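Peer 1: Chains A and B, in that order, give the protein sequences.
Under our numbering, think of the first position of the first sequence as 68, with each following residue one higher.
Under our numbering, think of the first position of the second sequence as 68, with each following residue one higher.
All clues stand as given, with none of them false.
Once the Cα atoms are required to be at most 16 Å apart in a straight line, the calculated EDC-like pairs of lysine to aspartate or glutamate come out as:
1) A:Lys97 to A:Asp187
2) A:Lys139 to B:Glu115
3) B:Lys97 to B:Glu190
4) B:Lys139 to A:Glu115
5) A:Lys139 to B:Asp118
6) A:Lys97 to A:Asp79
7) B:Lys97 to B:Glu185
8) B:Lys97 to B:Asp187
9) A:Lys97 to A:Glu185
10) B:Lys97 to B:Glu192
11) A:Lys97 to A:Glu192
12) B:Lys139 to A:Asp118
In short, the hints are calculated from the structure, not lab data.
All figures in this text were calculated on a predicted structure; none of them were measured in a lab.
Number of protein chains: 2
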Amino acid sequence: MSEAWSLHPQLDNDAVGIGDLPLSRLLLSKDANYPWLILVPRRAGAVEIIDLDSDDRASLMTEIGQVCEALKDVTGCDKLNVAALGNQVPQLHVHIIARRNGDAAWPRPVWGAAPALEYDAAELEAFMGAIRRRTGFG
Amino acid sequence: MSEAWSLHPQLDNDAVGIGDLPLSRLLLSKDANYPWLILVPRRAGAVEIIDLDSDDRASLMTEIGQVCEALKDVTGCDKLNVAALGNQVPQLHVHIIARRNGDAAWPRPVWGAAPALEYDAAELEAFMGAIRRRTGFG
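The task is simple: from the sequences and hints, build the whole structure.
Peer 2: Encoded structure:
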């Protein structure tokens, strides 16, 4: 049975869209505490990485690498955090977060560590533009 | 300059070895709160996924899939959590954790959520044996 993919409303609410890579939609989290991107494979019903077939798993790793490289180049971060958790939002999504020694959660994981911080509009535009250019959308 | 890979002492302390897959050493966390496996690519100096070349990244995804399937089959968990964080232990390692609605951290991430719980020796042996058989070491 075929079912159309659509972005989970919680992800749609918490992040803004950057563009579609071959497999995944690339989002930018609205939480200004951390430069935080999210990859969402456009596969209806996928909850776990192992719900993807082997070609899609390979594409996901390619896109994780591409987004990690872009985020590291743009931010000069101390560490990348890459995670597929999905305990609260079941749609498969992979967080890729630039961490800095001394950020709002360091050295703990970011989830639940600090209230979300609103972006300054110009700062968001600049960050999104830099990521767009670096990932081929700009 | 070539440098021999060795397991980070903190990982060696917190987990027990199950065996070596083509790329990664597979470990089992000693925290009995959650069925928790860890993949550590045997590449000296690797800190980020993007420190791996593209062949190794592909192997890592293959091994993540293999371990996710084994852990899901063995535990019948509600959700898998897959994460490469490394804010405290810099050696690249990927957590693969079986989560259950109502476990010690649910629905939060496991890190820092509850004090580590010691395994009963027989329970550890049974879990390790099941994972070994399911990942081809048994």
